[in-house]
Amino acid sequence: MSEKTMPLWEVFIRARSGLAHKHVGSVHAVDAAMALAAARDVYTRRGEGLSIWVVPSAQITASDPADKEMLFEPTASKIYRHPTFYKVPDDVGNM
Amino acid sequence: MYTQGLLDAKDGPAGGEDAAQVARFEARVAAEDKVEPNDWMPEAYRRTLIRQISQHAHSEIVGMLPEGNWITRAPSLRRKAALLAKVQDEGGHGLYLYAAAETLGIAREEMVEQLLTGKAKYSSIFNYPTLSWADIGAIGWLVDGAAIMNQIPLCRCSYGPYARAMIRICKEESFHQRQGYEIMLTLCAGTAAQKAMAQDALDRWWWPSLMMFGPPDQDSQHSDKSIRWKIKRFSNDELRQKFVDATVPQGHHLGLRFPDADLRFDEATGHWRFGAIDWSEFRNVLAGNGPCNRQRMQQRRQAHDEGAWVREAAIAYGEKRRAREKTA
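Those protein sequence lines, which keep their order, are chains A and B. In terms of this note's numbering, the first sequence opens at residue 1 and continues consecutively. In terms of this note's numbering, the second sequence opens at residue 96 and continues consecutively.
For reference, chain A alone in the conformation it holds in the complex (with noise of 0.2 Å):
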């Protein structure tokens, strides 16, 4: 195909006040007015959001899988972390 591309955006949207936004996929749009109202008719038919966000695909620095394991491994043993490691007696309550 001969034509030009439009650029990929990522789209998130806030569902209720006090929830993050949350990505629901992609449109093309050649700039950020024109890819909110893409996202806008794509992906709130419903009255899914109150809040749009769009990112440039290409802007999104993203961890590599292959890097899974270096990353999130040694977090694995460290159970200390976790409130459960912790031994209080059951007369002493809730903690």
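No wet-lab data here; the hints were simulated from the structure. All the pointers check out, no bait thrown in.
Examples of chain A residues lying across from chain B (beta carbon under 10 Å, computed):
1) M6
2) P7
3) G25
4) V30
5) A38
6) Y43
7) R45
8) A62
9) S63
10) P65
11) A66
Within a straight-line C-alpha distance of at most 20 Å, the following computed EDC-like cross-link-like pairs (lysine to aspartate or glutamate) qualify:
12) K320(B) / E112(B)
13) K22(A) / E48(A)
14) K22(A) / E267(B)
15) K325(B) / E121(B)
16) K4(A) / E208(B)
17) K415(B) / D31(A)
18) K4(A) / E401(B)
19) K214(B) / D400(B)
20) K266(B) / E48(A)
21) K325(B) / D134(B)
22) K266(B) / E277(B)
23) K320(B) / D332(B)
24) K320(B) / D113(B)
25) K68(A) / E131(B)
26) K68(A) / D128(B)
27) K325(B) / E138(B)
28) K22(A) / E10(A)
29) K421(B) / D31(A)
30) K4(A) / E205(B)
31) K22(A) / E131(B)
32) K4(A) / E407(B)
33) K320(B) / D128(B)
34) K129(B) / E73(A)
35) K129(B) / E69(A)
36) K266(B) / D41(A)
37) K337(B) / D357(B)
38) K4(A) / E414(B)
39) K68(A) / E127(B)
40) K129(B) / D67(A)
Just so we're clear, the structure is a prediction, and the values are computed from it rather than from any experiment. Where a beta carbon is used, it is the ideal one built from N, C-alpha and C, also for glycine.
Using the hints, position chain B against chain A.
Same frame as chain A, now just chain B:
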């Protein structure tokens, strides 16, 4: 279903893939771990998904045409608003699916080109004409009913972006089937002529709807691998049987008869047994010789060509804005 056209694909063994890596991948999938875009995956898994998701997207887009045919002639404002919303959903579903396929490394423009040049297929069902208003009821009831039967298990597909898109689609689609059945109910409670119109629509859409599930299991080339990779959860014949079991009582509730002399309830198994499907018709429609294949493709190409100036103008505007921002 919407992905039934996977008949001409070749999934040869991929060269240069590490057997241990493939084994690790298959173990992950077997353990119900989801695969995400940047994870390593076998090339055949990637190709199968690109083909399936893009065919599914194309089916949503082409599926707008038979129903769009009736938007301006809907019998009331209520029906018109519902049909408009349904067709708009289908456009949206096509876009969710193109976005999911793009995460596998194919550009949307490339997929659209594959559709327009006839390289990619879409569901055979959209090559049948919508001759009367009752067809809009039959499509919602039967075609969307069959689609839902196929799509609910896809919500658990091993590929994360596809599964997430399917969850959104399934949530939105239950209205499609209900509005179709409501149209049928209204026609069947109407005059004799209206009921005859509903019967005629069922007569014409029943067999093509059963064909939506794809060829019988013994002829389906892709089922084994797709099931092992958890892209598919049930075989074509299993899904077809589930659909028949769910749909036949709904048709009887309407007071309609199914165009199948062999249809009977099997007390022993609790299933509705149906007659032989004419697979030569199915192959013929997939090969491009259905009643509307040429018209559908011509309309898609025309829409694409007539929209070119909008895409070009948007890109030129984006470039101008960026150039101004640089000099400002």
